[in-house]
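Q: Chains as they are written, first to last, in the working numbering: chain A, 1 to 355; chain B, 356 to 428.
Mixed in with the good hints there might be a few duds.
If the Cβ cut is set under 10 Å, some of the chain B residues that face chain A in the computed set are [claimed, not checked]:
| # | residue |
| --- | --- |
| 1 | Gly399 |
| 2 | Leu403 |
| 3 | Glu409 |
| 4 | Leu413 |
Non-contacting residues of chain B with respect to chain A, defined by C-beta distances greater than 10 Å in every case (computed) [stated by the list, open to error]:
| # | residue |
| --- | --- |
| 5 | Gly357 |
| 6 | Ala361 |
| 7 | Gly362 |
| 8 | Ile363 |
| 9 | Gly364 |
| 10 | Ile374 |
| 11 | Gly377 |
| 12 | Met378 |
| 13 | Lys381 |
| 14 | Gly382 |
| 15 | Ala383 |
| 16 | Ser386 |
| 17 | Ile387 |
| 18 | Arg389 |
| 19 | Ala393 |
In case anyone wonders, no lab produced these hints; they're calculated from the structure. The beta carbon of each residue, even a glycine, is placed where N, CA and C say it ideally should be.
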Amino acid sequence: MIQTLRRVFLTILFLSASTPNIFASDAASGDEEPILDVMGTVADHDYFKVPGFINGGKIYLPRLILWEDASGAKRFSAALSTHSLIENSEFNDVDHLLVPPQGGHLLIDFSITSHLVYFWMGMILAVWLTVSMSKRYQKGIGSQVEPQGVLQNIFEILFVFIRDDVARANIDDHKADKYVPYFFTMFMGIAFMNLFGLFPWAATATADLTVTATLAVMTFFVTQFSGTKDYWGHIFWFPGVPTWVRAILTPVEILGVFTKPFALAIRLFANMLSGKIMIIAILGLIFIFADLFGPIGGYGISVVSVALTVVLYALKVFVGLLQAYIFTLLSAVFIGMAAEDHNHSEEHYHAEHSA
Amino acid sequence: MGLLAAGIGAGIVALGAGIGIGMIGKGATESIARQPEASGDIRGAMILTAAFIEGVALLGMVICILLALGIGS
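This is chain A alone, in the form it adopts within the complex:
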């Protein structure tokens, strides 16, 4: 029962994580888009990009905004799109920023954005895959007979890989198995989000710092809650060193608690962002050459650019899976360090041999 509740809670936590998007309101902008908008391609939007022949290529997403009016009362506005929010309520669009009416100011933007939609899609796919596969195992396919079908075989390879090489290799044996669902959800979710970014029109949710920070904060909390007495002891009162050294070590250790998830978030974010920008930059060479040397230069460089982009795409598939693995592996290493049981055998050894 508690296990089921915990799973449900974890799933809700994953699905409710919001990516605030206070400033993006490019729906109301009338000016036409530039040919090559590097930051627009990687940035979060209030619309969901689809192939150009449906609804002009954009499906606008709901805006949910908590704001405070001039008298200090908290108000909540919701609309199906930024455009209808500006038309129906008294919100204004000032330099592409949403400004609430009558001297009010924004508190929290709960709007559903394109990156959040891809975040949900990745997590829902991960949950669906795991639940549907676990049903097959309960029926006996895989547990009594060998796994059947391509999907279940791939699933089993990945699951056993996460369990043996990530969880059990880094966390104490009797504790490792309870973290496997968390790691597997993390791995599949991030992998799906990374690979979604390879579709044309799609956005890479993990190329957004708010998404990766949300994931890293989850690892942070799991790490702290699984910390043993030894873990906290090593942070606040490092054993076996003179007291004056502890004055230096304690701040450094406390800092280390926060830098680990920070590095986790930055690593995933920067990897996915750089992959995206690299492809745009190489394709952008076509437009730069066409501008400099005319159409012939543009067509000439496009042969090189497109070939390079194909290679980069293959690399991005690899990097997407590798980064999902690295995020999960480092989460396991951090959790393993916190949940480790020290048996203090070394101290006994020293005591015996110095006596």
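Assemble chain B onto chain A, guided by the hints.
A: Relative to the frame of chain A, chain B by itself:
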């Protein structure tokens, strides 16, 4: 000025990360040559360490992108 800073910064970031990952590769290939049966463990440790260096390098790269785009100035 921001563009110049971003260019120089990206160069230094690439230099540092290149030296670091090169040393990991050197160490890993040497130890695999010495002990081919431990290549699986060594490869795991190599990817883990490379990921740490890459994290720092990419932090520098993000700052260079912010500089180049003039965000925050």
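Q: Next, verify each hint and record whether it holds.
A: Evaluation of the provided hints:
no.	hint	in the structure
1	Gly399	holds (8 Å)
2	Leu403	holds (7 Å)
3	Glu409	holds (7 Å)
4	Leu413	holds (3 Å)
5	Gly357	holds (15 Å)
6	Ala361	holds (13 Å)
7	Gly362	holds (14 Å)
8	Ile363	holds (18 Å)
9	Gly364	holds (14 Å)
10	Ile374	holds (19 Å)
11	Gly377	holds (19 Å)
12	Met378	holds (19 Å)
13	Lys381	holds (21 Å)
14	Gly382	holds (19 Å)
15	Ala383	holds (16 Å)
16	Ser386	holds (18 Å)
17	Ile387	holds (18 Å)
18	Arg389	holds (22 Å)
19	Ala393	holds (14 Å)
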